[in-house]
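Given these sequences and hints, build the entire structure.
Residue-level listing of the chains:
There are 2 protein chains.
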Amino acid sequence: MKNKELKEQRIKGYYIQAAKEILVGEGIKSLSVRSVSERAGYSYTTIYNYFEDLNDLIFYCVQDFYQECSDFVNGESKGTESGLTIIESKIMQYIKYFVNYPSVFELFFIERVVNFGNKIQTIELITDSLKNILQKDWDQLVAQKEMRQADVMKVQHRLQLTVTGLLLFYIHRRTPAEYGEFMRTAKQEIDAIIFPES
Amino acid sequence: MKNKELKEQRIKGYYIQAAKEILVGEGIKSLSVRSVSERAGYSYTTIYNYFEDLNDLIFYCVQDFYQECSDFVNGESKGTESGLTIIESKIMQYIKYFVNYPSVFELFFIERVVNFGNKIQTIELITDSLKNILQKDWDQLVAQKEMRQADVMKVQHRLQLTVTGLLLFYIHRRTPAEYGEFMRTAKQEIDAIIFPES
DNA sequence: AAATAAATTTAACACTGTTAATTTTTTTAA
DNA sequence: TTAAAAAAATTAACAGTGTTAAATTTATTT
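So the protein lines, in turn, are chains A and B. Using numbering that gives the first Met the number 0, the first residue of the first sequence is number 0, and each one after it goes up by one. Using numbering that gives the first Met the number 0, the first residue of the second sequence is number 0, and each one after it goes up by one.
The set of hints was computed from the structure by calculation and includes no laboratory data. Misleading hints may appear alongside valid ones.
Same chains, same names: a pair is fine if it fits in one copy or spans any two.
Here are the computed lysine-lysine pairs in the BS3-like style, where the Cα-Cα straight-line distance is at most 25 Å [claimed, not checked]:
no. : residue 1 : residue 2
1   : K130      : K118
2   : K186      : K130
3   : K95       : K153
4   : K118      : K28
5   : K89       : K186
6   : K186      : K153
7   : K144      : K130
8   : K95       : K130
9   : K135      : K153
10  : K28       : K11
11  : K95       : K28
Here you go:
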């Protein structure tokens with residue numbers, strides 16, 4: 000009976016969609032078993048027939064958001080720019096995604112993750128999301144011998160720390176207060192990492 | 000009647016002490032109006048006679064922890080080291096403090112702060128805690144003309160982003176998994192920022 | 001010692017996540 | 001097509017959360 004499984008997947012989709020809408024619209028503080036159930040159109044315990052618990056549902060949202068973020072960054076290929084330049088503009092797109100969806104940033108980097116269990120892979124996927132999303136571009140750079148593999152790894156790590164730090168202070172602590180200044184300093188810091196000589 | 004005020008301060012102290020013990024021992028997830036009240040020796044609503052709400056109490060803890068962190072970093076002056084070297088070892092002390100008290104890191108950088116109001120100064124104190132705690136050392140460096148003011152500010156900001164990023168991934172996402180590796184890469188990254196030529 | 005003020009506690013409310021029992025709906029078998 | 005079995009969904013309930021209002025106890029003044 001694959002019909003049954005299809006049905007189950009559809010209903011899970013209703014919950015995931017409802018949860019994503021609440022997360023993007025009102026934030027994780029408004030996401031409760033009751034609120035998501037109501038939006039999905041079910042009573043407040045039916046959800047336990049389809050998800051282990053609320054965290055389980057949230058994990059599906061995280062995977063969806065990761066894909067959205069990746070598409071947002073890699074979607075519009077800027078055409079004929081050089082390697083590091085296109086990487087930089089992609090990093091700025093990555094930053095813009097989380098500025099547009101601060102709840103997703105919270106979900107990825109702030110939210111305390113309990114019940115790791117079988118979700119460790121997803122955790123790693125999102126903590127390394129910047130690296131993962133740009134992996135092809137970095138590989139290409141190495142293949143064209145524009146950078147050495149070891150240097151790429153160092154730069155990847157440095158970018159992860161700095162970009163996450165930038166977003167943490169801007170989204171979570173409103174530092175700096177102005178969007179324009181934030182984007183300016185963000186670009187400066189990224190520049191300093193990927194163009195270390197200048 | 001200053002006697003009355005003294006009494007009030009003492010009782011507030013009981014609550015703050017109880018809250019700090021819970022935060023350090025069991026983490027913020029275990030800090031509730033009921034748990035802190037029980038440890039302070041009062042019924043579960045007496046707290047509202049001394050604090051606006053639970054967040055108000057937490058803010059007093061934050062200020063205490065900030066002072067503790069500052070003392071931990073500046074307490075043991077390493078004697079006759081040169082400017083940047085002593086700054087680096089102090090930054091490593093700063094990191095060690097939060098590794099020892101991960102709940103304090105959460106309180107400082109992770110916890111969503113509602114009801115800003117009159118607490119904005121405290122927020123700024125802790126988001127700029129690394130800069131604030133080392134300010135004298137930086138000033139001395141400028142006074143001795145070992146660094147220019149503008150460069151100091153750039154390095155301060157870079158350190159803030161990197162150190163917070165490092166702690167976020169290590170404490171919150173267990174990346175890297177090993178303490179030794181974490182401290183090694185932390186020192187590397189700090190080195191790269193404060194000794195940019197090498 | 002009696003009246004007043006202050007401090008503390010109990011009761012209650014509206015939330016939260018989650019489990020167990022019950023009811024409704026859907027599927028299978030005759 | 002109707003009866004039995006299985007599945008799905010719902011209601012009730014529990015233990016927890018923060019917070020307010022009313023009741024009670026304690027302390028201070030007259």
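These are the hints, each one checked on the structure:
{"no.": "1", "hint": "K130 to K118", "in the structure": "within (19 Å within a copy, 37 Å between copies)"}
{"no.": "2", "hint": "K186 to K130", "in the structure": "both (17 Å within a copy, 22 Å between copies)"}
{"no.": "3", "hint": "K95 to K153", "in the structure": "both (23 Å within a copy, 23 Å between copies)"}
{"no.": "4", "hint": "K118 to K28", "in the structure": "both (22 Å within a copy, 21 Å between copies)"}
{"no.": "5", "hint": "K89 to K186", "in the structure": "within (11 Å within a copy, 29 Å between copies)"}
{"no.": "6", "hint": "K186 to K153", "in the structure": "both (18 Å within a copy, 14 Å between copies)"}
{"no.": "7", "hint": "K144 to K130", "in the structure": "within (19 Å within a copy, 39 Å between copies)"}
{"no.": "8", "hint": "K95 to K130", "in the structure": "within (16 Å within a copy, 27 Å between copies)"}
{"no.": "9", "hint": "K135 to K153", "in the structure": "within (16 Å within a copy, 32 Å between copies)"}
{"no.": "10", "hint": "K28 to K11", "in the structure": "within (21 Å within a copy, 29 Å between copies)"}
{"no.": "11", "hint": "K95 to K28", "in the structure": "within (22 Å within a copy, 31 Å between copies)"}
Checked against the numbered hints given earlier, the structure satisfies every one of them.
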